[in-house]
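Full structure from sequences and hints, please.
The listed protein sequences derive, respectively, from chains B and E.
Positions 1 to 113 (our numbering) are the ones given, in order, by the first sequence.
Positions 1001 to 1113 (our numbering) are the ones given, in order, by the second sequence.
Calculated from the structure, these hints are not laboratory results.
The structure presented is a predicted model; accordingly, all values stated were derived computationally and were not measured.
Derived DSS-like pairs (lysine-lysine); straight-line CA-CA distance at most 27 Å:
| # | chain 1 | residue 1 | chain 2 | residue 2 |
| --- | --- | --- | --- | --- |
| 1 | B | 70 | E | 1042 |
| 2 | B | 57 | B | 71 |
| 3 | E | 1042 | B | 57 |
Just a sample of chain B residues kept apart from chain E, beta carbon distances all over 12 Å, derived:
| # | residue |
| --- | --- |
| 4 | 28 |
| 5 | 68 |
| 6 | 69 |
| 7 | 77 |
| 8 | 78 |
| 9 | 80 |
| 10 | 82 |
| 11 | 83 |
| 12 | 85 |
| 13 | 110 |
Residues on chain E that point at chain B, a partial pick, calculated with CB under 8 Å:
| # | residue |
| --- | --- |
| 14 | 1034 |
| 15 | 1043 |
| 16 | 1089 |
| 17 | 1103 |
| 18 | 1106 |
All residues carry an ideal CB built from backbone N, CA and C; glycine is no exception.
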Amino acid sequence: NAGVTQTPKFRVLKTGQSMTLLCAQDMNHEYMYWYRQDPGMGLRLIHYSVGEGTTAKGEVPDGYNVSRLKKQNFLLGLESAAPSQTSVYFCASSSHTGNIEAFFGQGTRLTVV
Amino acid sequence: GENVEQHPSTLSVQEGDSAVIKCTYSDSASNYFPWYKQELGKGPQLIIDIRSNVGEKKDQRIAVTLNKTAKHFSLHITETQPEDSAVYFCAASIERGSYIPTFGRGTSLIVHP
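Written out as structure tokens, the structure is:
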């Protein structure tokens, strides 16, 4: 049982480049989330999705876009990377009923130079 | 929206001592309070949670208490061991509602052998 899988695990981008982070979950969860983690700032919600085909903005959405075309996948895109987007990105998923524990991926460490 | 404050940001203890991490929340509608442990290089993982209809919950060496009136909850770790060293996050959310967890900024716990 893989749980939540993020790809890639590490990436270095030049300012202005674009990239997509992929999150895949195999637990049939309705909810999926993208967080960024910065020193002293904890986990800040970028975007989230409550179901296939739906997305919503979180606390820090600027500079990011997301898509949820399939229930098991949640993509995070950076159209024009900036050094301020250097961070560790975590994807998570959860059920909306019963056990609502959030399951996290291993993280993607992104450096923008 | 919900605001979760977590203290202290860093906690250093000797092996065998107890450790206490405290969180406060702002939204009185929040009714689900999970705690996550993040080991170095990994994603956060749920260690214990509490719902608003319970004042205290215990699981071996860890316990969580909740004071709904004061809107604060705490994590207690007894007989700390070096493997307890990690970053701990509290969170608050509304179960059976729009379950989007809001996280505290994290506490780095260091247990000295």
